[in-house]
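Enquirer: Chain residues, written in single-letter form:
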Amino acid sequence: MSGVASAFATPAISAEHLTKRFGETVVVDDLSFTVARGEIVGFLGPNGAGKTTTLGMLLGLLNPTRGAVRLLGLPMPEERQRILAHVNFTSPYVSLPGNLTVGENLAVFARLYGVAGARERIARLLERFGLTAMRDRAAGRLSSGEGTRLGLVKALLNDPDVLFLDEPTASLDPDSADRVRQVLREIRTERTMTLFYTSHNMQEVERLSDRILFLHRGRLLADGTPGDVLRRFERDTLERMFLDLAREEESAWTR
Amino acid sequence: MDALAAAAPPLRHGLSGGRILAMLQRQLYLYRRSLIRSLEIVYWPLMDLLVWGFLSVYVATLRGGAGAIAFLLGGMILWDLFFRAQQAISVSFLEDIWTRNLINVFVSPISTAEFLCATMLLGVIKVVVIGALLGALALVFYAFNIFHYGLPLLPFILNLIAAAWGMGIITTALILRFGQGAEALAWAVAFLFQPFSAVFYPVAVLPPAVQRIAWLLPTTHAFEGMRAVLAGRPLPWAHVAWAVVTNAVLFAIAIGVFAWVMRIARDQGLLLRSEGW
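Sequence order for the protein chains is W and B.
Mind the numbering: the first sequence is residues 1 to 255 in the working numbering, read in order.
Mind the numbering: the second sequence is residues 1 to 277 in the working numbering, read in order.
No lab work stands behind these hints, which were simulated from the structure alone.
Think of the CB as a built atom: it goes at the ideal place given N, C-alpha and C, for glycine as much as any other residue.
Take the hints with a grain of salt, since some may be wrong.
As the list claims (entries may be wrong) - If you want the footprint, here are the derived chain B segments under chain W, 3+ residues with CB under 8 Å:
1. 26-32
2. 100-106
3. 262-275
Unchecked claim - Computed list of chain W residues with no C-beta within reach of chain B, every gap over 10 Å:
4. 17
5. 47
6. 80
7. 132
8. 202
Here chain B stands alone, though its shape is the one from the complex (with noise of 0.2 Å):
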């Protein structure tokens, strides 16, 4: 026996729900102190909603617009639930750096694991919340009810929170690296993908040989496989099954870079330097 093990209780080894329950409390607690944090949840998303949905509304008024309404809210709909469950994950690590509280977690028995795990928890609330509340501005405002699509939906959204974990974790992980000047990562990394992803258009109207760069993205057979749902046609498994895989690819990678990271972190003490300590 060891010598802590003798002197100690044993502890637990994996995944603790009660350390990824204390970063996520520590989340939401800052959301009840915070009025303008609470209201900024819904503010971009209503204004997205207000702006889609007029448009939308015109669009359909026009030869051939009759389905607008559908795509357009839908995709302003997914794309904000995958932007804002990847912002949850960088801006949770962010919070940590503008308070200065980076070295107590980092010196607490969380593991990095953990970390990412109640970031990614924070943006399943999140979209909940959002989903639930722009479902229902839609459906009051431009009588869209993206409820009635139900369960064929809910496989492409399932992926789009994937893909944001993924987009969201390499994020975090370059302002690691690169500090909090990178700090608008955060809001930038997800809108560098949306003109692949074919979020309000067909990827047919891409060029060539964007069309082959988009393919490789989760993003791209989600709102590929939204758009065929909302036209009425059947779950194209295709998609959900392309989806998954490159969800599966751009996860491993998200985690390889920030392992990578957290190691460049802890050799050069960017950890310590991001806090000037």
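The shape of chain W in the complex, shown without the other chains (with noise of 0.2 Å):
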């Protein structure tokens, strides 16, 4: 096999085994999984699930207690900076510098990402986002909805080969939402990029995924395409679904 065709059959993401614990508290469960180049998985499960955790594991920011991490083949996080110049990651909860531009933070980022022909690349994503018109606008003067639009534009800065978000269209009205979505949908089309998301727009998840990931407790719940998942635990909709296991979780709580 050619190095390129390999590099193709490698996962873009893997997880072996994956367990954190906190003290006595296991929020991470022996998770395993393999997210496929050019995939769009959703990660999907209740708050303290264990997403932003696994998240975090992922991205290198926390180690695992047990198990392996790899992305595009090479381990995290001992290829820490050798991946990270491949992947990218945005959150609502996560903001850039608001008291720089919007043109400065992205110039800022894409240095550091060496990102070559930055300044026209900045140029195309901030048409792309509806943000042309913001570049000298402080980011902290920004709508929630433009901040969010702006960490995708740093997001993609670097064209990356695994792209992570947190609830990229949290903050968004509808309109705004469905634009993002389109532009999710347009890129992965022009190149093999793998988004990895988390959403509690299960409507948007059923929309845009090609499979779901589906935590509760730590544990993988569920694996498949959204149709798949949705026929095993013989719901209507994600949202059913989730809703169930949330209020199993409550009544859980309240026994």
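Build the complex from these two chains, which are given one at a time in their own frames, with help from the hints.
Expert: Dropping the structure here:
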């Protein structure tokens, strides 16, 4: 197999027996999955299911208690720098420095990622996300929706092979959210980019994802296409499944 | 060939000038954007200079106080250079916590060493700006020309910058370990060492037990050496050598502490918690 062919055969993301304990609390419990190159995977679960902890381990921000992570065939965190040059991430809970302008923030991150032709790339991405007019505005003065879109522009600066998105449409109005989903679909068809994202918008997940991973109390409850998962759990919608799980959790608390 | 190498152009290993420059650029943009922040660089040193300058003028009028201006102003200027260089490192880190940008930085390919290098370079830039400003103002207001002492002071200034880097890295590690609640350390840690560093008085005035502690600090050797130069004595190479040795030890401890705290941060999720993610 040639180098390039083997590159595409290698999973974009591989988690093996990933476990994270904080003291006596097991937040992620023996989680194993792989994500193929070019797949769009929705990573779901109620609050406290372990999604953020898992994302932290995948991004090298958090060491697993047990298990291993490989991104693009390389071990994290041993090859952290090589991996992260080809990966990016955004979350509405993480922001860019509000006292810098949109353009300054993007210039800094373009340099951090060693983006060639940064000026043109920034201009193209700003246009794609409808932020060209905001270029000279302080990032802290953007609306929450504009801030979310700026985070996405930052996340696409280095044309990543793997893009981690934490609730990418959380603070967007329906129109903006739809545009973002459209852009993500377009980008995926333009090049082989793997999208791994969390969302609480179940309709969005059904529409966007090739596959979903459903996390519950730190364990992988379901792994398959949205249709497969719904058939297996005998639910009409992911939202119904999500609500049933969350309420089961609630009744467990009140018992 | 591994998969990533096949799919992507090879990456540079080791320290990347581009990434260091990116972090430095981020800090410099902050100063360009904020007049208050820029003025803050000169405000405190200027206030210190005025207070210590007038005090020096007064002490110089007292019997036996002829050399006071050089010693007090020299001590004040060099202390300010040390303090600002130390502060530059920890405040740069705090900037990323305050703006919830730390995760963006740590999921980029920047290494911890590159991140620290950028903050250390920012310290050097601040030292150059503040040093030039204070030197010029001391000349205008008090006819004290620190530039006149020229090269013999340079080894001590460089050692103070190195000591500031070491203490700045340790302070940053403490802020990472104990969270934003420990941010006061960015301003406080340097002053913990000030009484022992003999900034404004010779080490000989300290009690003997304290002197033994004082000689373990690179800052003490730097300020003792400075006084010798300002007194017109030959360059005290022994103080230069001891400052270099103690700085090497301090820097090794600082790197060790930072690496240890980064490991704790990655084990306990401190990077995630620092931004409430």
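Enquirer: If a hint holds in the structure, say so; if it does not, say that too.
Expert: Here is what the structure says about each hint:
no., hint, in the structure
1, 26-32, "holds (count 3)"
2, 100-106, "holds (count 6)"
3, 262-275, "holds (count 8)"
4, 17, "18 Å, holds"
5, 47, "13 Å, holds"
6, 80, "8 Å, violated"
7, 132, "20 Å, holds"
8, 202, "22 Å, holds"
Hint compliance for this structure: hint 6 is the single one not met.
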